[in-house]
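Novice: Here is what each chain is made of, one letter per residue.
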Amino acid sequence: MAIGASQRRVLYGLNVGVSVVLATVVLVLAVYFSGRFRTQIDMTGEARLNSLSERTVKLVSGLDQNVTITGLYAVLSEYQNFAQKRADRVRDLLDLYESDGRGKVTANLVDPMKNPAKLNDLIQRLSAKSKYAEEAAPHKAALEKFPALNDRLAAMVSEHTDRFAGLEQTNPALAAVREYNIVRLNFDDIKRRAQRSGETIKNSLEKVEIPLYGRSVQVAREHLTAVRRTLAGIQGWFAGGARQVPNIQPDALAFFDEAGSAITSVLEEVDVFLNETQDLKPVKIEEFYDKLKRAAGDAVIVVEAENEARLLSLNDVWPFRTDRSAPPAPDNDPRDFAGEQAISSALLQLTRKDRTAVVFVYFGGLSPIRSIPQMNPMMQQRIPPAPYEALDALLKKQDFLTEDWDVKTTKTPPVVEDAARTIYVVLSPQPPRQPNAMMPSPEGRITAADKKLVTDAVEASGLAVFLAGWAPPTSPMLPIPGTYEYAEYLRDTWGVDVQYKHLALEFTAAENPDLWVPAGRNRNPVYIGVGASGPIHFTDHEITQPLRGLRAVFSTVAPLRIVEGDEKPANVTVEVVAAVEETSDVWAFDNLQLVQSDLAQKRGTRPREGDIRAPFPVAVTATDESNKRRVAIFASESFAADAITQASAFEMRSRGLVMYAAYPANSDLFVNTLHWLTGDADRISVGPRRGNVALLDGLKDDWKVPYYRGIMVGAGPLLALIVGGVVWMMRRR
Amino acid sequence: MRNTAAIMQRELLSLFCSPVAYIVLMGFLIATGVIAWVTSAFEPGAPATLRTVFTGTMFVLVIFVPAISMRTISEEYRSGTFESLMTAPVSDFQLVLGKYLATMVFYLIMIAGTLVYPIMMMIFGSPSLGVAFSGYLGLIAVGSAFMAVGIFASSLTRNQIVAWILGTIPLVLLVLFGQFFVQFFEGRLRSFFQSLNIVRRFDQFNRGLISSEDVVFFLGVTVLFLFLAVKVVESRRWR
Amino acid sequence: MIEVKNLSKFYGHVRAVDNISFTVAEGDVVGFLGPNGAGKTTTIRILTCYQPATSGSATVAGHDVFKESLKVRTEVGYLPENVPLYPEMRTREYLRFRGKLRGLDRPEREAAIARVTERCWLGDVIDRPIGQLSKGYRQRIGLADALLHNPRVLILDEPTVGLDPAQIRETRALIRELANEHTVMLSSHNLAEVEATCRKLVIINRGAIVAAGTPDELRQRITGGSKLIAELRGPNEQVAAGIRELNGVSDVHTEAREGWTRVTITSAKDLRESIYTMSTQKGWPLRELRREVATLEDFFVKIVAAAREETVTPKV
Ligand SMILES: Nc1ncnc2c1ncn2[C@@H]1O[C@H](COP(=O)(O)OP(=O)(O)O)[C@@H](O)[C@H]1O
Ligand SMILES: [Mg+2]
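Residue numbers (the numbering used here), protein chains in the order written: chain A, 1 to 733; chain B, 1 to 239; chain C, 1 to 316.
None of these hints come from the bench; they were simulated from the model.
Warning: the hint list may mix true and false statements.
[Claimed, not checked] Below, simulated EDC-like cross-link-like pairs (lysine to aspartate or glutamate); rule was C-alpha separation at most 20 Å, straight line:
id	chain 1	residue 1	chain 2	residue 2
1	A	K284	A	E168
2	C	K71	C	D105
3	C	K67	B	E234
4	A	K104	A	D151
5	C	K71	B	E43
6	A	K704	B	E43
[Unchecked claim] Just a sample of chain B residues kept apart from chain C, beta carbon distances all over 12 Å, derived:
id	residue
7	C17
8	L85
9	M122
Ideal Cβ positions, reconstructed from N, Cα and C, are used throughout, including at glycine.
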């Protein structure tokens with residue numbers, strides 16, 4: 001052998017060392033790349049509990065900043081069935097986010113009861129975020145003046161209180177005067193309040209994890225407003241009523257004068273403070289703080305981006321079950337899990353900076369999205385809330401900027417700051433209400449110029465939703481059909497013909513094949529349901545894919561017709577979103593008067609010449625390939641109105657009366673449409689998931705259970721013991 | 001190949017002839033049974049899932065798997081049979097692989113003992129078989145990695161008890177600290193620790209998610225430690 | 001068949017084998033003789049590829065033990081010193097297992113097991129658990145295992161240690177028999193055993209080879225320095241001087257005993273006749289005249305003794 005032992009050892013030792021290092025590196029790389037190009041099989045079957053949707057995966061893996069997701073769950077007792085289950089589901093979901101986040105996502109589940117320190121860390125972290133760090137600065141500045149003011153107030157009050165005793169000695173009559181006593185009591189009260197408010201504010205600035213400036217400002221304002229009112233009253237009495245007290249002495253009068261002017265000077269300062277703090281908004285971080293502190297009972301998820309955070313409440317993550325057609329959860333949980341939807345949309349809001357403005361275009365009348373505040377509660381007649389108020393709130397929650405545009409009064413489209421693009425939601429210009437039923441009044445109808453304003457704005461932004469639909473007769477008495485003002489535009493530019501003169505009604509074919517009667521007795525034939533509950537079905541369109549299975553409804557539908565042939569505008573592609581399927585139950589009637597009279601005679605009705613028979617589309621999207629403009633056209637004007645989206649229904653369940661949204665898909669359909677228009681198909685909501693937790697329901701709670709358990713625990717070991725014994729006996733010989 | 005099979009067969013024979021094997025088997029089944037009992041996995045109306053049982057089982061494996069593997073190579077060292085093995089035409093790789101396969105067969109039999117639970121659950125409910133399957137797959141993956149670590153430990157010493165301790169300590173560290181450390185880090189470091197976090201990886205299987213990353217991880221750890229064991233056995237030829 | 005060249009092995013600073021060289025030709029039966037701790041087992045372990053050498057090289061059946069370990073191992077049947085076995089297995093199971101490792105397929109294996117069972121008189125215990133067998137049987141199982149694949153080279157490390165005399169005889173007979181078919185190298189600390197079984201001897205002590213060759217050759221070499229013992233009645237000094245004058249005397253040692261003088265003479269030649277002549281000439285009565293021939297045993301005992309005392313460094 002050529003080499004000696006020590007050389008050999010070095011050589012072979014190095015060899016082994018290098019090969020071990022190489023093997024480790026290969027392993028690390030293998031794990032890394034299998035993580036990068038992960039394929040996974042979800043063994044939970046249909047429920048796919050363990051997979052994030054492709055959209056979320058795309059979103060999470062393309063994050064441009066670090067994100068922290070913290071689930072706050074306290075499982076107070078193991079008997080709290082849902083709490084444990086929910087904590088587990090959220091933990092699993094967070095795991096999925098983390099593993100798909102490729103290091104960008106940190107996900108934790110924290111039990112705020114067991115681990116309050118972590119909750120505090122979280123609060124501190126939130127308050128350090130740039131969006132919230134300076135938020136409370138004006139509050140803080142305002143509060144700096146408060147202690148001096150409050151002290152001055154207290155000093156003024158107590159100084160005068162001290163003099164009341166002397167005053168009563170020289171003016172015995174005062175003690176019998178009711179107002180005087182009230183004044184005394186009020187002075188005491190103000191003194192106490194000043195002290196209490198001072199303490200409260202001090203506490204909420206010092207004794208908690210983060211100084212609650214907003215809350216303190218609110219406390220200060222409430223305190224000072226109350227004091228203001230009281231002092232103003234007292235001042236008034238000093239100036240007036242007090243002087244009428246019989247036998248009043250000059251020293252008392254001097255006191256009243258002096259006190260009155262003291263109050264005046266204090267009130268001046270109070271007013272300054274109140275004015276300064278009037279426009280201060282609540283501090284967001286304190287809102288978080290409140291919610292987090294209450295998180296012990298109410299689960300929340302906190303999604304943090306670098307500068308900002310979102311808090312998801314139990315209702316966001318676990319909304320009530322809305323799909324009545326689905327079988328009830330085996331564990332009777334009335335809520336569904338929508339964690340992915342909630343977290344992903346929060347992530348989108350936090351990380352995407354290009355926001356979209358949604359402008360509701362209307363013509364005259366009241367704003368469709370902003371209710372007029374009820375100025376005077378005494379007013380007898382309540383102003384009805386705006387028809388799209390709830391939808392507006394929903395859109396804001398989804399990070400849209402909303403605006404309204406009354407074309408009648410404003411001739412330029414509103415400019416929404418911060419918005420990267422604008423979607424016009426074009427409502428049908430309402431025909432003015434007719435004072436005289438017999439007289440259609442031409443003035444008030446939208447003019448061609450105004451229409452042009454709208455269509456120009458739509459062309460400019462290239463994104464719009466047209467809420468078209470059946471146009472009701474302009475007069476309730478005469479069969480003068482209304483007009484859908486944009487029908488012509490939609491037909492010529494987008495190749496979609498809104499047949500607004502026809503109203504689609506859902507009837508049921510009666511025995512006699514020529515006669516139709518309204519479907520069901522309580523059913524309003526104007527409401528045409530979607531999916532399992534009705535003849536309208538969603539197509540495979542991106543907008544509706546996630547909605548299938550959810551209930552929706554369209555009302556006052558006018559059939560749409562997709563223009564074909566020569567009239568079809570060039571470059572425009574029309575895709576159907578929802579259509580009435582081929583059924584003999586739905587007809588769109590031209591002459592409603594005839595239908596009405598038929599039905600009034602309780603004899604059913606029959607379609608006539610010119611009526612339109614199903615199938616026909618009721619919602620379409622149109623894309624102009626040449627310039628990337630997109631519109632969505634719905635043949636039901638009210639489908640996204642609060643009256644329908646907020647409708648709720650009740651049902652008796654084993655756990656009691658359960659309330660659920662009657663038409664949960666309606667608002668989703670609208671929101672998804674907006675997302676589709678902006679090209680953010682990945683923002684389209686994924687819908688709640690339903691884990692079908694199988695239960696041991698075959699196992700009854702009786703005397704047998706301990707035996708079964710015994711078998712479970714004992715059978716295996718016993719078998720091992722017996723087999724071991726037998727083998728041992730056999731091997732001895 | 002034949003050598004590997006021969007070594008595996010012999011090892012199995014020795015395993016099943018020794019009382020230690022049955023004690024380990026019994027101990028394991030009692031431990032999982034107790035876990036099933038105390039976690040109320042088998043209560044009227046409880047969810048028909050083995051998830052909590054399996055999570056506990058993984059911790060139990062930290063103790064039991066090295067107990068299966070501890071004697072594989074140590075015992076050969078101690079009794080001197082290692083000499084007759086190593087002077088027969090058997091490669092070190094075949095030896096280690098044979099030992100690993102034998103202990104894995106034993107392990108599978110041990111795990112099969114827990115099939116009582118899903119069977120009982122199937123009688124009284126309808127648990128998701130897919131999830132149960134992936135849970136078992138997870139147990140096998142984790143067990144395989146643990147077994148490789150145990151065999152590596154066994155190749156280091158002639159004393160079984162020392163081999164058991166050497167096998168258990170890294171597993172305890174990996175299982176407890178993997179999870180523990182993760183909390184303190186963010187970003188890259190966290191994902192590094194997260195990738196060592198066996199509890200999390202196992203949990204993926206346990207909830208019905210078979211991901212290529214986890215499979216590769218456990219397979220890779222198995223291969224790495226078997227490789228190390230081969231290198232240790234081999235080192236005797238040149239040291 | 002076996003070629004050892006300048007082989008050394010250190011355990012740390014302990015020199016177990018010190019630069020030894022020897023060869024074993026095909027068909028040889030070589031006894032590796034040495035006291036305990038001489039380095040026999042160490043050498044054998046190197047030859048069977050269980051351990052690496054510190055320096056030097058060895059080939060077995062033409063393959064280097066370090067570089068072509070696997071080939072060497074297929075050629076060698078090895079009986080380790082302590083005969084390690086699996087106590088929980090039965091004899092047949094063990095032999096089957098070993099047969100598989102040796103690459104025998106089933107029919108071959110069963111035939112081989114039948115053969116070695118007969119050869120090593122294992123018929124009685126073939127289905128008994130090994131743990132219950134006596135040392136003799138275990139030794140035979142080890143031997144059976146070594147023979148299983150009919151190896152070209154058999155290396156037996158102290159094959160008879162721990163056996164009773166009857167078993168020892170049987171085993172020796174077996175080894176003699178085996179010598180006809182295999183190249184055998186056996187180690188022993190027992191000269192008689194080696195003389196009885198081997199055609200060649202390699203004597204090793206404290207890691208170094210002391211002597212090597214056939215027993216006759218060795219005896220020849222050792223006899224060369226034989227001793228004469230004579231007892232004469234005569235004056236001590238005169239006797240000594242007289243003997244010294246004889247031709248070929250290299251060393252004389254005298255000792256007075258009750259009037260007699262006992263002389264121990266070391267010489268290369270046989271001087272008995274000259275001494276007798278001298279005694280009659282000088283008139284010194286001769287009471288004893290004996291030539292002491294050195295045996296291998298003596299030689300070996302001397303080595304062993306030296307090894308025990310740990311003082312003498314052996315010379316060849
Ligand atoms: N594993 C070992 N570690 C250290 N020293 C050893 C080892 N094996 C043997 N030795 C020493 O090497 C020398 C030779 O031992 P060995 O070859 O077993 O002798 P023999 O077999 O001739 O009785 C002895 O002094 C012994 O103490
Ligand atoms: Mg020896």
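Novice: Each hint needs a verdict: does it hold in this structure or not?
Specialist: Now for the hints, and whether the structure bears them out:
no. : hint            : verdict
1   : A:K284 x A:E168 : violated, 51 Å
2   : C:K71 x C:D105  : holds, 19 Å
3   : C:K67 x B:E234  : holds, 13 Å
4   : A:K104 x A:D151 : violated, 51 Å
5   : C:K71 x B:E43   : violated, 63 Å
6   : A:K704 x B:E43  : holds, 11 Å
7   : C17             : violated, 4 Å
8   : L85             : violated, 8 Å
9   : M122            : holds, 38 Å
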